[in-house]
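J.: Each chain, written out:
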Amino acid sequence: DAKTTQPNSMESNEEEPVHLPCNHSTISGTDYIHWYRQLPSQGPEYVIHGLTSNVNNRMASLAIAEDRKSSTLILHRATLRDAAVYYCILRPQASPLVFGKGTRLSVIA
Amino acid sequence: EAGVAQSPRYKIIEKRQSVAFWCNPISGHATLYWYQQILGQGPKLLIQFQNNGVVDDSQLPKDRFSAERLKGVDSTLKIQPAKLEDSAVYLCASQQFGAGGYTFGSGTRLTVV
Numbered sequence: 001d002a003k004t005t006q007p008n009s010m011e012s013n014e015e016e017p018v019h020l021p022c023n024h025s026t027i028s029g030t031d032y033i034h035w036y037r038q039l040p041s042q043g044p045e046y047v048i049h050g051l052t053s054n055v056n057n058r059m060a061s062l063a064i065a066e067d068r069k070s071s072t073l074i075l076h077r078a079t080l081r082d083a084a085v086y087y088c089i090l091r092p093q094a095s096p097l098v099f100g101k102g103t104r105l106s107v108i109a
Numbered sequence: 001e002a003g004v005a006q007s008p009r010y011k012i013i014e015k016r017q018s019v020a021f022w023c024n025p026i027s028g029h030a031t032l033y034w035y036q037q038i039l040g041q042g043p044k045l046l047i048q049f050q051n052n053g054v055v056d057d058s059q060l061p062k063d064r065f066s067a068e069r070l071k072g073v074d075s076t077l078k079i080q081p082a083k084l085e086d087s088a089v090y091l092c093a094s095q096q097f098g099a100g101g102y103t104f105g106s107g108t109r110l111t112v113v
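Going line by line, the protein sequences match chains A and B.
Going by our numbering, the first sequence opens with residue 1, and the numbers climb by one from there.
Going by our numbering, the second sequence opens with residue 1, and the numbers climb by one from there.
Please keep in mind that the hints were generated in silico from the structure rather than gathered at the bench.
Watch out, some of these pointers could steer you wrong.
Label pairs and their in silico Cβ distance ranges [stated by the list, open to error]:
(1) 52(A) / 81(B): 17 to 27 Å
(2) 39(A) / 111(B): 12 to 22 Å
(3) 41(B) / 59(A): 16 to 26 Å
(4) 41(B) / 14(A): 34 to 44 Å
(5) 9(A) / 64(B): 18 to 28 Å
(6) 21(A) / 16(B): 30 to 40 Å
(7) 53(B) / 30(A): 21 to 31 Å
Beta carbons are placed, not taken as given, at the ideal position from N, Cα and C, and that holds for glycine.
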């Protein structure tokens, strides 16, 4: 399975933007970049995914480097409810998700 | 739309006992997954179903774990006999098709004592 590298933890102030980085230097051409988050005592929640172009949805934006070897999940305005573990996952099409350890995001009021 | 339903929410059993978990996926979702999440780690895939057929069960400890998906809808995961190291959260997820996102349930927290 292709691997991703994420910081173990990050901290953000409430109402400020958060940029969560992910390195995936061994990505192949058919790997989709998925982001999930897991709030305490809940199952993971889908956030966003993309292949080559940047993507936006109501939850976040995904910025993908031109060479696809890294990506950044952007939360435009962090709230206390965004405190969670964020997983960056490479997924070959039709293959199941393989989770790493993710980044634990703390949001400070 | 209703989410993925799992029950029970919590379960405590003694080692060597058996236990079963139930999952009801989102209506119309053909693909169903069971994951095991040990404290402090990311979820680990146990088994993948497409409708009522098994696609991937390579990481399922088949000497003690079994799973089925009746009529391509609900699914049950069973452990018999349980070991202490089976203490974890068991997560069920479903997906409609293709490269889209999964929807996870809240999980069943199993404690084996």
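J.: For each hint, tell me whether it holds in the structure or not.
T.: Quick rundown of the hints versus the structure:
no. : hint                       : verdict
1   : 52(A) / 81(B): 17 to 27 Å  : violated, 48 Å
2   : 39(A) / 111(B): 12 to 22 Å : holds, 21 Å
3   : 41(B) / 59(A): 16 to 26 Å  : holds, 24 Å
4   : 41(B) / 14(A): 34 to 44 Å  : violated, 28 Å
5   : 9(A) / 64(B): 18 to 28 Å   : violated, 35 Å
6   : 21(A) / 16(B): 30 to 40 Å  : violated, 45 Å
7   : 53(B) / 30(A): 21 to 31 Å  : holds, 24 Å
The structure fails to meet hints 1, 4, 5, 6 from the earlier list, while all remaining hints are met.
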